[in-house]
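*Asks:* So the chains spell out like this:
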Amino acid sequence: DTGVSQNPRHKITKRGQNVTFRCDPISEHNRLYWYRQTLGQGPEFLTYFQNEAQLEKSRLLSDRFSAERPKGSFSTLEIQRTEQGDSAMYLCASSFGGGEGGPSYEQYFGPGTRLTVT
Amino acid sequence: AQTVTQSQPEMSVQEAETVTLSCTYDTSESDYYLFWYKQPPSRQMILVIRQEAYKQQNATENRFSVNFQKAAKSFSLKISDSQLGDAAMYFCAYVQGAQKLVFGQGTRLTINP
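Chains as they are written, first to last, in my numbering: chain P, 1 to 118; chain B, 119 to 231.
Hints are computed from structural coordinates only; laboratory data are not their basis. Be careful, since some hints might not be right.
Unchecked claim - Calculated cross-link-like contacts (lysine to aspartate or glutamate; reagent style DMTMM-like; alpha-carbon spacing at most 25 Å):
hint, chain 1, residue 1, chain 2, residue 2
1, B, K196, B, E179
2, P, K11, P, E83
3, B, K196, P, E106
4, P, K57, B, E179
As the list claims (entries may be wrong) - With beta-carbon atoms standing in for the labels, derived distance ranges:
hint, chain 1, residue 1, chain 2, residue 2, range
5, P, A53, B, I164, 23 to 31 Å
6, B, Q120, P, A53, 17 to 25 Å
7, B, N180, P, Q17, 18 to 26 Å
8, B, P231, P, P70, 47 to 55 Å
9, P, G40, B, K196, 34 to 42 Å
10, P, R114, B, T136, 31 to 39 Å
What the hints assert, rightly or not - Partial list, computed: chain B residues near chain P (C-beta under 8 Å):
hint, residue
11, Y143
12, Y151
13, M163
14, R168
15, V213
16, G215
17, K218
18, L219
19, G222
20, Q223
21, T228
22, I229
23, P231
In this text, a Cβ means the ideal position worked out from N, Cα and C, and glycines have one as well.
Please put together the full structure from these sequences, using the hints given.
*Replies:* So, in structure tokens, the structure goes:
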């Protein structure tokens with residue numbers, strides 16, 4: 001078990017460019033979550049998947065944001081036409097949704113991708 | 119909507135002493151989970167301790183324990199025998215089922231040697 005991994009760890013981009021981040025969850029976890037964290041604040045929910053289905057999306061998420069989890073394993077988060085206000089840490093987390101032992105509601109976080117929009 | 123409030127932006131404690139971090143939450147649900155996460159500077163979020171709302175017994179993990187008061191909707195974290203490695207941002211979080219975590223604003227804990 002290597003934990004949740006995220007790539008890249010840092011991304012600097014110019015305003016108006018598109019960026020894509022990747023998250024690889026813990027292998028047996030079927031739930032995957034994206035959060036955004038700005039400096040000195042707690043993480044805010046963006047969206048989550050159970051297997052390949054996107055089950056919830058935050059009302060705060062603009063149409064410039066899209067997430068996918070095509071095969072129920074890794075996920076990508078794309079931001080189109082980036083703005084300076086998109087600068088933040090983007091966190092991915094995963095959890096185990098069920099099985100013989102029942103679900104676990106603990107979410108395990110990756111190291112995050114820090115986005116800077118200049 | 120569920121909310122989580124941490125009223126202490128910063129706390130400090132002497133090494134080897136005990137410190138308590140406060141958290142209150144608001145929900146109309148009866149079945150939920152509460153967590154404390156630790157986020158060291160420039161490092162990833164780590165789960166410290168969890169509490170199931172249906173359990174009356176307070177959770178304990180080594181030097182970390184909680185005081186869960188369901189009626190008061192209070193969930194404080196006590197760190198005993200504080201160590202330098204405990205310095206971090208601590209976040210209280212609420213979840214109902216497999217849904218999103220709702221986080222508080224965080225408390226920055228400083229350990230004085």
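*Asks:* Next step is simple, just say for each hint if it's right about the structure.
*Replies:* Here's how the hints hold up against the structure:
no.	hint	verdict
1	B:K196 <-> B:E179	holds (10 Å)
2	P:K11 <-> P:E83	holds (14 Å)
3	B:K196 <-> P:E106	holds (20 Å)
4	P:K57 <-> B:E179	violated (33 Å)
5	P:A53 <-> B:I164: 23 to 31 Å	holds (28 Å)
6	B:Q120 <-> P:A53: 17 to 25 Å	holds (23 Å)
7	B:N180 <-> P:Q17: 18 to 26 Å	violated (46 Å)
8	B:P231 <-> P:P70: 47 to 55 Å	holds (50 Å)
9	P:G40 <-> B:K196: 34 to 42 Å	violated (24 Å)
10	P:R114 <-> B:T136: 31 to 39 Å	holds (34 Å)
11	Y143	violated (13 Å)
12	Y151	holds (5 Å)
13	M163	holds (4 Å)
14	R168	holds (6 Å)
15	V213	holds (5 Å)
16	G215	holds (7 Å)
17	K218	holds (4 Å)
18	L219	holds (6 Å)
19	G222	holds (6 Å)
20	Q223	holds (6 Å)
21	T228	violated (15 Å)
22	I229	violated (19 Å)
23	P231	violated (24 Å)
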